[in-house]
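*Asks:* Taken in sequence, the protein lines are chains F and D. Residue numbering for the first sequence follows our numbering, beginning at 1 and increasing consecutively. Residue numbering for the second sequence follows our numbering, beginning at 237 and increasing consecutively.
What the hints contain is simulated information worked out from the structure, not anything from laboratory work. Hints should not be assumed to be uniformly reliable.
Covered by chain F, per the in silico footprint, the following chain D stretches (three or more residues, Cβ under 8 Å) [stated by the list, open to error]:
1) 402 to 412
2) 448 to 456
Using 30 Å as the maximum straight-line C-alpha spacing, the simulated DSSO-like pairs for lysine-lysine come out as follows [said to hold, decoys possible]:
3) D:325 <-> F:156
4) D:370 <-> D:269
5) D:370 <-> F:112
Only a predicted model underlies this, so the values are computations on that prediction, with no experimental measurement involved. Backbone N, C-alpha and C fix where the C-beta goes; we use that ideal spot for every residue, glycine too.
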Amino acid sequence: MSFLEVNNIDVYYGDVQVIFDLTLHVDEGEVVSIIGGNGAGKSTLLRTISGLISPERGQILFEGVPIHRSPPEVIVGRGIVQVPEGRRLFTLMSVRDNLIVGAYNQRADREKERTLEEVSSLFPRLRERESQLAMTLSGGEQQMVAIGRGLMARPKLLMLDEPSLGLAPLLMKNIFQTVRKIADQGTTVVLVEQDVKNSLSLSDRAYILEHGRTVMEGPAEELLENPHVKVAYLGL
Amino acid sequence: MIYVLEDLINGILMGSIYGLTALGLTLIFGVLKVINFAHGSMLMVGMYAAYWAVALTGVHPYLALVLVIPVMYLFGHAMQDIIIKPIFKAEKQVREPITVIIVTTGVWYILDNLSLLVFGPQYRTLQDNPLRGKMLEFGDIMISVPKLWGFAAAVATALAVYLFLQKTRMGRAIRATSLDREAASLMGINQYRIYNVAFGIGTATAGIAGVALVPFYNVFPSVGVLFDIKGFIIVVLGGLGSIGGALLGGMIVGVIESVGPQVMTATWTEAIVYALFLLVLFVKPSGLFGVKYDW
Chain F
1 MSFLEVNNID
11 VYYGDVQVIF
21 DLTLHVDEGE
31 VVSIIGGNGA
41 GKSTLLRTIS
51 GLISPERGQI
61 LFEGVPIHRS
71 PPEVIVGRGI
81 VQVPEGRRLF
91 TLMSVRDNLI
101 VGAYNQRADR
111 EKERTLEEVS
121 SLFPRLRERE
131 SQLAMTLSGG
141 EQQMVAIGRG
151 LMARPKLLML
161 DEPSLGLAPL
171 LMKNIFQTVR
181 KIADQGTTVV
191 LVEQDVKNSL
201 SLSDRAYILE
211 HGRTVMEGPA
221 EELLENPHVK
231 VAYLGL
Chain D
237 MIYVLEDLIN
247 GILMGSIYGL
257 TALGLTLIFG
267 VLKVINFAHG
277 SMLMVGMYAA
287 YWAVALTGVH
297 PYLALVLVIP
307 VMYLFGHAMQ
317 DIIIKPIFKA
327 EKQVREPITV
337 IIVTTGVWYI
347 LDNLSLLVFG
357 PQYRTLQDNP
367 LRGKMLEFGD
377 IMISVPKLWG
387 FAAAVATALA
397 VYLFLQKTRM
407 GRAIRATSLD
417 REAASLMGIN
427 QYRIYNVAFG
437 IGTATAGIAG
447 VALVPFYNVF
457 PSVGVLFDIK
467 GFIIVVLGGL
477 GSIGGALLGG
487 MIVGVIESVG
497 PQVMTATWTE
507 AIVYALFLLV
517 LFVKPSGLFG
527 VKYDW
């Protein structure tokens, strides 16, 4: 039994099927990348795991417990936390309040002071900015708040949806290093990315999604060498 | 001149009570992004609750708060949970389900007609209560005591709601949900629970307004409609979702209504209020204190 198991799910938006019979698993302590172009179903997959959408068929197990019919707050309570695409900060709230809201679930609320310390040491910049409104931050700082807010929920499994989107190359590198650091501290990570090279180089395994189906999976370093991946995603 | 000052003061006092009636409307809109057309009816329910609590027991009118606040909170909480929540669940992809307007309009008609059925059409006033007609005199200026208390209640309630939203765990969760309900869900916040609480608080503030009004205002089944229309104007003037804006918007309307008749026919004051409402919509559509984006 794996940490997270997604078994044969079909997901629809209204009448449109977006994910087809998708199966994947994530083991504890792994960093798993999910790679694919626009419209491949990556974000939909994360939204389904988070409980924002329910799969029409198939099941999702976390630590052996079915979660595909649970609402988002129950799934967060179990320890699956998503940092959504585009950051989605609470723009008119202070940086500090954004982080504290991250610790809303019961389990995290008890330890929020300690977690806040940890997040501040991971992102010292945020300490300086704590009373500023989130909307006044730069893109890179906003992404730090988004990841920090996710960490405040004390995730067992952290899912990041395109954390490097719209960032300058140097900041991108910074974010990828942070993700590696988070994983090294023992959090399991699922990383959805369009920056294939960077995300594969920090991952243990990866899945490649095309048109809502997994077309390839395997250890990250093998996929980096795979001819199809090289042509379609690395532009080599 | 002295009359203008007196009218100004009484206008501010009465206006703050208008603001208090609109506070719940703006809070509920800010969080749920839907307009509660039953808000005036909830004020009416609060006024009847205050009226009967005092009329039957003979206690001081303001002691009714002890009963009215929890009863109205539970009433609002239950109304959202039973009647409005199913719409949100059915229209998950819609940010501002328009159906809620129709449903709350239904609730408004049902509540107003139920009270007509149960209490009859007569205007009720709290006879011989200690506040009735009581005035404070400062030289030539007369100030109504129950309106002064209403002003205090409005300011205290607005401040309490503001601090609750800023400083508590639930308050932060309410603000987060109002800014981005899906992101809030991803932080483990149950949005429907937040809606219940916001609706409960909004209804409880209407109850407080009811208690403030009952010592000097008539209670009758359609009393809410008067405040409903003012409430919408106030909320737009002050900025949708803004607590301080509701209070200030209320005061502006109150002052126009009370000072206006000094210089023009009283019926014209209403036209002035609507003209100002349109002007604000033209010049600053987000209202005096509204935030430019989102909502």
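*Asks:* If a hint holds in the structure, say so; if it doesn't, say that too.
*Replies:* Hint by hint, here is what the structure shows:
1. 402 to 412: Since three or more residues must qualify, the claim that chain F covers the region 402 to 412 of chain D holds, with 5 doing so at under 8 Å.
2. 448 to 456: violated (count 0)
3. D:325 <-> F:156: Holds, because 29 Å separates the two Cα atoms, which is no more than 30 Å.
4. D:370 <-> D:269: 41 Å, violated
5. D:370 <-> F:112: 52 Å, violated
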